[in-house]
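K.L.:
So the chains spell out like this:
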Amino acid sequence: MKADKVLDAKGLACPMPIVKTKKAISEMESGQVLEIHATDKGAKNDFLAWAKSGGHELLSDTEEDHVLKFWIKKG
Amino acid sequence: MTDKKKTTIILFSGDYDKAMAAFIIANGAAAYDHEVTIFSTFWGLNAFRKDEHVPVKKGFLEKMFAKMMPRGADSMGLSNMNFAGMGPKMIKHVMKKHNAMPLPDLVEMAQEQGVKLVACTMTMDLLGLQKEELIDGLEYAGVAAYLADAEEGNVNLFI
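These protein sequence lines map, in sequence, to chains A and B. First residue of the first sequence: 2, per my numbering; consecutive thereafter. First residue of the second sequence: 560, per my numbering; consecutive thereafter.
Everything labelled a hint here was simulated from the structure, so no lab data went into it. Computed from a predicted structure; not experimentally measured. There could be a bad hint or two in this list.
[Unchecked claim] Below, simulated SDA-like cross-link-like pairs (lysine to any residue); rule was C-alpha separation at most 25 Å, straight line:
{"no.": "1", "chain 1": "A", "residue 1": "Lys23", "chain 2": "B", "residue 2": "Lys563"}
{"no.": "2", "chain 1": "A", "residue 1": "Lys11", "chain 2": "B", "residue 2": "Asn713"}
{"no.": "3", "chain 1": "A", "residue 1": "Lys42", "chain 2": "B", "residue 2": "Tyr591"}
{"no.": "4", "chain 1": "B", "residue 1": "Lys655", "chain 2": "A", "residue 2": "Lys74"}
{"no.": "5", "chain 1": "B", "residue 1": "Lys563", "chain 2": "A", "residue 2": "Leu59"}
{"no.": "6", "chain 1": "A", "residue 1": "Lys11", "chain 2": "B", "residue 2": "Lys563"}
{"no.": "7", "chain 1": "A", "residue 1": "Lys74", "chain 2": "B", "residue 2": "Pro663"}
{"no.": "8", "chain 1": "B", "residue 1": "Lys563", "chain 2": "A", "residue 2": "Lys70"}
{"no.": "9", "chain 1": "A", "residue 1": "Lys6", "chain 2": "A", "residue 2": "Glu36"}
{"no.": "10", "chain 1": "B", "residue 1": "Lys564", "chain 2": "A", "residue 2": "Gly55"}
{"no.": "11", "chain 1": "A", "residue 1": "Lys45", "chain 2": "B", "residue 2": "His657"}
{"no.": "12", "chain 1": "A", "residue 1": "Lys74", "chain 2": "B", "residue 2": "Asp592"}
{"no.": "13", "chain 1": "A", "residue 1": "Lys45", "chain 2": "B", "residue 2": "Met668"}
{"no.": "14", "chain 1": "A", "residue 1": "Lys23", "chain 2": "B", "residue 2": "Gly696"}
{"no.": "15", "chain 1": "B", "residue 1": "Lys565", "chain 2": "A", "residue 2": "Lys6"}
{"no.": "16", "chain 1": "A", "residue 1": "Lys24", "chain 2": "B", "residue 2": "Pro663"}
{"no.": "17", "chain 1": "B", "residue 1": "Lys675", "chain 2": "A", "residue 2": "Lys74"}
{"no.": "18", "chain 1": "A", "residue 1": "Lys23", "chain 2": "B", "residue 2": "Asn713"}
{"no.": "19", "chain 1": "A", "residue 1": "Lys70", "chain 2": "B", "residue 2": "Asn639"}
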């Protein structure tokens, strides 16, 4: 999936992935897609909830070699 | 501005682990675009102490308090398994291994994210803590100011 920006949050523990994501997305335009790489096991539920609350859309997510990838479209 | 959600946290505890929970929630809430307030009272004020000795005029009891209480976030003990100071050393080691942020960094990040840190002035008087001994960027207030934030709050915690 095509992303406008990639955020590497691998190895970061709660609450850093969400703090960095928020920072990254606030610098983007509405409709742009942010790709996030994370290793925190709670990340999927965190990003789902966070995206919903902020009016963003979690387009897709994958897991490969313990790396979780997320694509969030800014609302 | 006013349609932002609010999170308000009372930090009463002076334990490292409890303060860590408070600051993780505060930073998370800030990432949720909430207006966040941490109102620190009693032992929680120690999280806002500077780690160096600040020469200020104090009475005998106040000096005793100042000596016995932890000087700053990094010196605080654990609520469980403190083992006379060995506990915090162990937990900090484990935190490093798991890449969790130490408490002083969480406090700094909260300030960067615009979390409002408020020190309770009444308990500052009780514990003999003065503004000069606390970190920069704090607000000073009492119960009424806290309630003004909390009554519009969506999340309200006492830790």
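K.L.:
Are the hints correct? Go through all of them and say.
P.N.:
Hint check:
Proposed proximity of Lys23(A) and Lys563(B) is supported: the alpha carbons are some 15 Å apart, at most 25 Å. For the hint linking Lys11(A) to Asn713(B), the alpha-carbon distance of about 31 Å lies beyond 25 Å, and the restraint is violated. Of the pairs offered as hints, the one joining Lys42(A) and Tyr591(B) holds, with about 19 Å between alpha carbons and a cut-off of 25 Å not exceeded. A hinted pair counts as satisfied when its Cα atoms are at most 25 Å apart, and Lys655(B) with Lys74(A) does not qualify at roughly 32 Å.
At roughly 22 Å between alpha-carbon atoms, Lys563(B) and Leu59(A) fall within 25 Å of each other, so this suggested pair holds. For the suggested pair Lys11(A) and Lys563(B), the alpha carbons sit about 30 Å apart, so the restraint of at most 25 Å is broken. Between Lys74(A) and Pro663(B), the direct Cα distance comes to roughly 33 Å. Violation of the 25 Å bound is thereby established for this hinted pair. The suggested pairing of Lys563(B) with Lys70(A) is violated, with an alpha-carbon distance near 29 Å, which exceeds 25 Å.
Using a Cα cut-off of 25 Å, the hinted pair Lys6(A) and Glu36(A) holds, with the two alpha carbons roughly 6 Å apart. At most 25 Å may separate the alpha-carbon atoms for a hinted pair to count; Lys564(B) and Gly55(A) meet this at roughly 11 Å. Of the pairs offered as hints, the one joining Lys45(A) and His657(B) holds, with about 18 Å between alpha carbons and a cut-off of 25 Å not exceeded. Taken as a hint, the Lys74(A) and Asp592(B) pair is honoured in the structure, with Cα atoms around 17 Å apart against an allowance of 25 Å.
Taken as a hint, the Lys45(A) and Met668(B) pair is honoured in the structure, with Cα atoms around 23 Å apart against an allowance of 25 Å. Restraint check for Lys23(A) and Gly696(B): the C-alpha separation of about 23 Å stays at or below 25 Å, so the hint holds. Restraint check for Lys565(B) and Lys6(A): the C-alpha separation of about 29 Å exceeds 25 Å, so the hint is violated. Using a Cα cut-off of 25 Å, the hinted pair Lys24(A) and Pro663(B) holds, with the two alpha carbons roughly 20 Å apart.
Proposed proximity of Lys675(B) and Lys74(A) is contradicted: the alpha carbons are some 29 Å apart, above 25 Å. Using a Cα cut-off of 25 Å, the hinted pair Lys23(A) and Asn713(B) holds, with the two alpha carbons roughly 20 Å apart. A distance of roughly 36 Å separates the Cα atoms of Lys70(A) and Asn639(B); the hinted pair therefore is violated under the 25 Å criterion.
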